[in-house]
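Okay, here's what each chain looks like letter by letter:
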Amino acid sequence: GQQVMQIPQYQHVQEGEDFTTYCNSSTTLSNIQWYKQRPGGHPVFLIQLVKSGEVKKQKRLTFQFGEAKKNSSLHITATQTTDVGTYFCAGTRQAGTALIFGKGTTLSVSS
Amino acid sequence: EPEVTQTPSHQVTQMGQEVILRCVPISNHLYFYWYRQILGQKVEFLVSFYNNEISEKSEIFDDQFSVERPDGSNFTLKIRSTKLEDSAMYFCASATLADTQYFGPGTRLTVL
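Sequence lines, in order, name chains A and B.
Note that the numbering used here gives residue 118 to position 10 of the first sequence, counting from 1, and the numbers run on in steps of one.
Note that the numbering used here gives residue 758 to position 46 of the second sequence, counting from 1, and the numbers run on in steps of one.
Hints are not guaranteed to be accurate.
To be verified - A short list of chain A residues far from chain B (calculated; beta carbon distances all over 10 Å): (1) H120; (2) G124; (3) Y130; (4) K159; (5) S160; (6) G161; (7) V163; (8) K164; (9) Q166; (10) L169; (11) A176; (12) A186; (13) T190; (14) G193; (15) V217.
To be verified - Just some of the chain B residues that point at chain A, by a computed CB distance under 7 Å: (16) Y814; (17) P817; (18) G818.
If you're looking for bench data, these hints aren't it; they were derived computationally from the structure.
Quantities reported herein were computed from a predicted structural model and do not represent experimental measurements.
Even for Gly, the Cβ is constructed at its ideal location relative to N, Cα and C.
Taking the hints into account, I'd like the entire structure generated from these sequences.
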């Protein structure tokens, strides 16, 4: 079945350093969504990427969708302690179908 | 801003008992989902529901599970005879045709 792999599993950075998490799918995706989950919380939607090669920015966060629509990345510039949490990518094969989640990257930031 | 709500926030039950988890999706959404997350693990898809029927389900969603939309607002997940391994956070999500799925705050199910 379809798998979504995400690396790294954990990342610790000093405040102000950059952070990147990578997501790869075994099959072509219709779209990819990114979620952030704080400890004890629920996944909070960050962004959705639909088009091949799409790049979207939200303040210090940059999201990319690969040309083949099989991989994606999230880059955070100059991390802050508020960025702490687990970042999940999740892809769908076609509109309306299940989200297949990666295992997530847990980011910790020390000041 | 509209949001998905779930009740209860925490449910403790004895093994073998039936539980019903409730969700109120965002009002104009058409697609409804249940996911679960075992502590420390990734979010796993259980089932999707559209047009009053199951549209997709995973291997996890066996005969012990069922979903229902009993009225125009609620969306429920029933586990008929709970097992220890059913202990997890259960998230409801809803979406429009646009695909973005919005998650509720979850119900923590503890099976003793």
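We went through each hint and held it up to the structure:
At roughly 17 Å from the closest C-beta of chain B, the C-beta of H120/A stays outside 10 Å, upholding its exclusion from the interface. No beta-carbon of chain B is positioned within 10 Å of the beta-carbon of G124/A; the least distance is around 28 Å. With a least CB separation of 15 Å from chain B, Y130/A remains clear of the 10 Å interface cut-off, as annotated. Against the 10 Å criterion, K159/A stays outside the reach of chain B, whose nearest CB is about 13 Å from its own CB.
Interface exclusion of S160/A from chain B stands, the closest Cβ pair being 16 Å apart, more than 10 Å. For G161/A, the condition that its CB be more than 10 Å from all CB atoms of chain B holds, with the nearest at approximately 19 Å. Under the 10 Å C-beta cut-off, the non-interface status given to V163/A relative to chain B holds; the minimum distance is some 18 Å. Its beta-carbon lying about 13 Å from the closest one in chain B, K164/A satisfies the requirement of being farther than 10 Å from that chain.
For Q166/A, the non-interface assignment is confirmed: its Cβ lies about 14 Å from the closest Cβ of chain B, beyond the 10 Å cut-off. Remark: the non-interface label on L169/A is consistent with the geometry, its nearest Cβ contact in chain B lying 16 Å away (cut-off 10 Å). With a closest Cβ-Cβ approach of about 19 Å to chain B, A176/A is found to remain outside the 10 Å limit, as its non-interface label requires. Here A186/A stays apart from chain B, with its beta-carbon at least about 27 Å from theirs, past the 10 Å limit.
The claim that T190/A lies off the interface holds: its Cβ sits roughly 20 Å from the closest Cβ of chain B, which is beyond the 10 Å cut-off. Under the 10 Å C-beta cut-off, the non-interface status given to G193/A relative to chain B holds; the minimum distance is some 14 Å. The beta carbon of V217/A sits about 20 Å from the closest Cβ of chain B, which is more than 10 Å, so the claim that it is off the interface holds. Residue-level restraint check for Y814/B holds (minimum Cβ-Cβ distance to chain A is 6 Å; threshold 7 Å).
Taken as an interface hint, P817/B checks out: its beta carbon lies about 5 Å from the nearest beta carbon of chain A, inside 7 Å. Interface hint at G818/B: satisfied, since its Cβ lies 5 Å from the closest Cβ of chain A, which is below the 7 Å cut-off.
This entry satisfies every hint, going by the numbered hints stated previously.
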